[in-house]
Amino acid sequence: MGTANIVEVKNLNSAYGQSKVIFDVSLQIKPKERLSIVGRNGAGKTTLLKSIASLLNPTSGSVVYDGIELVGKPSYDVARMGLKYIDQDKHVFLDLTVRENLELSSYATGDYDWDKVFKHFPKLKILIDRKGAFLSGGERQMLMIGRAILGDPKVLLIDEPTEGLAPSIVDDLVTTFHELSKDCAIMTVGQNLSFVSRIAERIYAMKEGKLVAEITDEAKIKDNSYSCYL
Amino acid sequence: MKRYLNSWSTIIIVFTLLYFLKAFLPAAFLTEVAIYSIYAMGCSFLIGRLGLTSFGQPAFLAFGAYGAGIYLYYFGTNPFVAILVGVLASVVVNMLVGLFFVRLNSSYFTLCNQAFCVVTFFLFQKALVKWTFGDNGLLLISRMDPTPVIDLTSPKGIYLFAFIVAALVWFFYNYLMKRSVFGATCLCVKDNEQKLRFLGYKTYNIKWLAFVIANTTAGLAGALYTVYFCMVNANIASVSSASEAVAISMLGGAGTLFGPLVGTFIFIGLKDIASQFIRHWEVLVGLLLIVVMLAGQKGIVGSLEGYLAKYTAKKSEPTPALTQEGGV
Numbered sequence: 001m002g003t004a005n006i007v008e009v010k011n012l013n014s015a016y017g018q019s020k021v022i023f024d025v026s027l028q029i030k031p032k033e034r035l036s037i038v039g040r041n042g043a044g045k046t047t048l049l050k051s052i053a054s055l056l057n058p059t060s061g062s063v064v065y066d067g068i069e070l071v072g073k074p075s076y077d078v079a080r081m082g083l084k085y086i087d088q089d090k091h092v093f094l095d096l097t098v099r100e101n102l103e104l105s106s107y108a109t110g111d112y113d114w115d116k117v118f119k120h121f122p123k124l125k126i127l128i129d130r131k132g133a134f135l136s137g138g139e140r141q142m143l144m145i146g147r148a149i150l151g152d153p154k155v156l157l158i159d160e161p162t163e164g165l166a167p168s169i170v171d172d173l174v175t176t177f178h179e180l181s182k183d184c185a186i187m188t189v190g191q192n193l194s195f196v197s198r199i200a201e202r203i204y205a206m207k208e209g210k211l212v213a214e215i216t217d218e219a220k221i222k223d224n225s226y227s228c229y230l
Numbered sequence: 001m002k003r004y005l006n007s008w009s010t011i012i013i014v015f016t017l018l019y020f021l022k023a024f025l026p027a028a029f030l031t032e033v034a035i036y037s038i039y040a041m042g043c044s045f046l047i048g049r050l051g052l053t054s055f056g057q058p059a060f061l062a063f064g065a066y067g068a069g070i071y072l073y074y075f076g077t078n079p080f081v082a083i084l085v086g087v088l089a090s091v092v093v094n095m096l097v098g099l100f101f102v103r104l105n106s107s108y109f110t111l112c113n114q115a116f117c118v119v120t121f122f123l124f125q126k127a128l129v130k131w132t133f134g135d136n137g138l139l140l141i142s143r144m145d146p147t148p149v150i151d152l153t154s155p156k157g158i159y160l161f162a163f164i165v166a167a168l169v170w171f172f173y174n175y176l177m178k179r180s181v182f183g184a185t186c187l188c189v190k191d192n193e194q195k196l197r198f199l200g201y202k203t204y205n206i207k208w209l210a211f212v213i214a215n216t217t218a219g220l221a222g223a224l225y226t227v228y229f230c231m232v233n234a235n236i237a238s239v240s241s242a243s244e245a246v247a248i249s250m251l252g253g254a255g256t257l258f259g260p261l262v263g264t265f266i267f268i269g270l271k272d273i274a275s276q277f278i279r280h281w282e283v284l285v286g287l288l289l290i291v292v293m294l295a296g297q298k299g300i301v302g303s304l305e306g307y308l309a310k311y312t313a314k315k316s317e318p319t320p321a322l323t324q325e326g327g328v
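Taken in order, these protein sequences are the chains called A and B. The opening residue of the first sequence carries number 1 in my numbering; numbering runs sequentially from there. The opening residue of the second sequence carries number 1 in my numbering; numbering runs sequentially from there.
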């Protein structure tokens, strides 16, 4: 499997207490691909992402990343292995400056090459001494992705990357995601179908905790015809 | 670099000024301020930087104090060694207790620390009474030998030493809070612990180390307290004084560098001066605390820093990032 898929999820089930949210989900992420999961509110997209990133312990099933079983591993170990999760709430450390936020990530990963961050997000260089609390939603998203790409991760899991962002920033993100996917796989979840159509090479449609369709046809992805599955 | 030098020089200026305040204020009061501010610093760090409020600080003060006291009573006569023993005793206890307590969050952490304080008080008052003499305590006045360079058995010596130690503690915390990655991670634990894990940090280790550092600072204050007062009894661990360190931290500004010093100065000042005129001087502290909290919940230093930041921001030129690029 190691060469074909960087992440292999098999029969994953997750729950919050007694409330089961994810039902027997199986999926694969290939190296350097752009994959999206789409679905309505409450479909279980975020829960699935959290289960893969070990932020939530699945009730059963397995998540294998680069040949290593992730279920039961703490989230900080998973992050160190190169599977990074970016939350949807655009939360950066508010009392720290952009520089300090990046330093934290560099210290954890040993990667101090900030040029690659500034290559994708030149604006962060201008904002380097501004505190997280004074960044806009778009700037926070840049910083969160910038932090995540330090340490050369193999997979980025990004929850609702366009939520609350201005259209011009969404356009920038499309370009950025295409650039980033030259080095790592990107899996996003969200409801912004026009964004998904512009970035995804493959799509899973999710409904009521189950994957109901896999769309690989480029034409179908471009014309949003997968929306019938939602 | 300029900022770096400024913060070091500010600490030196503040403590030098405080030291020479003895021309106007009693040396005993200022010594107590120096020692108690060290005690408050640990608590302030826990609250302001980690978001952990502890009502068990007297226990951590007591382990340092008894470490020094037991050494002087049973084993030796050198007060410097006694302080070292007090700190070591404190480190060992904090390392063990921290293993369990930092697993707890918010209210549970607060209450467990308070319970630990009750247990510690019982330990020194009753369980170990054969060695600690309970409420009577260990009297050490004739058990300390004069020391070279700085004589800790003389009021002048302990006054100077307390200020040197306090300044060193401030240097250390200045580095910890403003210059180190560890200090930044502590702040992030308070802000959003889960997000820090996403970056690959094991937050349990961060909290444990911060707990040990903060409470060892309290232990250091306890050891100094024993040498200064030449005695230690079980009341040092009394749960009735558990809120003092928290009140001082909140009053001065939890998590700020000089908050514990300002808070201690006001607290000890009210205790020493107002208690001569008002029987229940704690009422004044309570009222002051309410006013300061209502004014912005940042304490005196925290609020002043906020005003100062606004003032300097108004005076300085807007950055290109703000004017040209704008917010996204």
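Hints listed in this document are in silico derivations from the structure and should not be mistaken for laboratory results. Treat the hints with care, as some may be off.
In silico DSSO-like links for lysine-lysine, alpha-carbon gap of 30 Å or less [stated by the list, open to error]:
{"#": "1", "chain 1": "B", "residue 1": "Lys298", "chain 2": "A", "residue 2": "Lys20"}
{"#": "2", "chain 1": "B", "residue 1": "Lys130", "chain 2": "A", "residue 2": "Lys73"}
{"#": "3", "chain 1": "A", "residue 1": "Lys131", "chain 2": "A", "residue 2": "Lys116"}
{"#": "4", "chain 1": "B", "residue 1": "Lys202", "chain 2": "A", "residue 2": "Lys131"}
FRET-style restraints, in silico, Cβ to Cβ [stated by the list, open to error]:
{"#": "5", "chain 1": "A", "residue 1": "Lys222", "chain 2": "B", "residue 2": "Lys178", "range": "47 to 57 Å"}
{"#": "6", "chain 1": "A", "residue 1": "Pro167", "chain 2": "B", "residue 2": "Ser107", "range": "36 to 46 Å"}
{"#": "7", "chain 1": "A", "residue 1": "Lys131", "chain 2": "B", "residue 2": "Asp145", "range": "45 to 55 Å"}
{"#": "8", "chain 1": "B", "residue 1": "Ser9", "chain 2": "A", "residue 2": "Asn41", "range": "48 to 58 Å"}
{"#": "9", "chain 1": "B", "residue 1": "Met293", "chain 2": "A", "residue 2": "Asn41", "range": "35 to 45 Å"}
{"#": "10", "chain 1": "B", "residue 1": "Tyr108", "chain 2": "A", "residue 2": "Phe23", "range": "29 to 39 Å"}
{"#": "11", "chain 1": "A", "residue 1": "Ala133", "chain 2": "B", "residue 2": "Ile164", "range": "47 to 57 Å"}
{"#": "12", "chain 1": "B", "residue 1": "Ile278", "chain 2": "A", "residue 2": "Lys131", "range": "36 to 46 Å"}
{"#": "13", "chain 1": "B", "residue 1": "Lys178", "chain 2": "A", "residue 2": "Asp111", "range": "45 to 55 Å"}
{"#": "14", "chain 1": "B", "residue 1": "Phe20", "chain 2": "A", "residue 2": "Lys131", "range": "35 to 45 Å"}
{"#": "15", "chain 1": "A", "residue 1": "Gly110", "chain 2": "B", "residue 2": "Pro155", "range": "46 to 56 Å"}
{"#": "16", "chain 1": "A", "residue 1": "Val174", "chain 2": "B", "residue 2": "Asn192", "range": "25 to 35 Å"}
{"#": "17", "chain 1": "B", "residue 1": "Asn192", "chain 2": "A", "residue 2": "Ser194", "range": "38 to 48 Å"}
{"#": "18", "chain 1": "A", "residue 1": "Asn11", "chain 2": "B", "residue 2": "Gly296", "range": "49 to 59 Å"}
We put the beta carbon where it would ideally sit given N, CA and C, even for glycine.
**OP:** For the range 46 to 56 Å, tell me whether the beta carbons of Gly110(A) and Pro155(B) fit it or not.
**Re:** Once the Cβ atoms are compared, 52 Å apart, the range 46 to 56 Å for Pro155(B) and Gly110(A) holds.
Original post:
Is 49 to 59 Å a correct range for the gap between the Cβ atoms of Asn11(A) and Gly296(B)?
Top reply: holds, 53 Å
Original post:
Quick one: are Val174(A) and Asn192(B) within 25 to 35 Å, going by C-beta?
Top reply: Given range 25 to 35 Å: holds, Cβ gap about 28 Å.
Subject >> 36 to 46 Å as the expected CB spacing between Lys131(A) and Ile278(B), which holds or is violated >> reply: For Lys131(A) against Ile278(B), whose Cβ atoms are near 43 Å apart, the range 36 to 46 Å holds.
Original post:
Does the Cβ distance between Lys222(A) and Lys178(B) fall inside 47 to 57 Å?
Top reply: For Lys178(B) against Lys222(A), whose Cβ atoms are near 51 Å apart, the range 47 to 57 Å holds.
Subject >> Supplied distance hint 35 to 45 Å, evaluated on CB atoms of Met293(B) and Asn41(A) >> reply: holds, 39 Å
Original post:
Is 47 to 57 Å a correct range for the gap between the Cβ atoms of Ala133(A) and Ile164(B)?
Top reply: 37 Å Cβ-Cβ, so the 47 to 57 Å window is violated.
Subject >> 36 to 46 Å as the expected CB spacing between Ser107(B) and Pro167(A), which holds or is violated >> reply: holds, 44 Å
Subject >> Cβ distance range 29 to 39 Å for Tyr108(B) and Phe23(A), holds or violated >> reply: With a Cβ separation near 35 Å, Tyr108(B) and Phe23(A) satisfy 29 to 39 Å, so the hint holds.
Subject >> Satisfaction of hint between Lys131(A) and Lys202(B), Cα-Cα up to 30 Å >> reply: At roughly 24 Å apart (the allowed maximum being 30 Å), Lys131(A) and Lys202(B) satisfy the hint.
Subject >> Whether the CB-CB distance between Asn192(B) and Ser194(A) falls inside 38 to 48 Å >> reply: violated, 31 Å
Subject >> Satisfaction of hint between Lys20(A) and Lys298(B), Cα-Cα up to 30 Å >> reply: Distance of about 43 Å is beyond 30 Å: violated.
Checked against the numbered hints above, the structure breaks hints 1, 2, 11, 13 and 17 and satisfies the rest.
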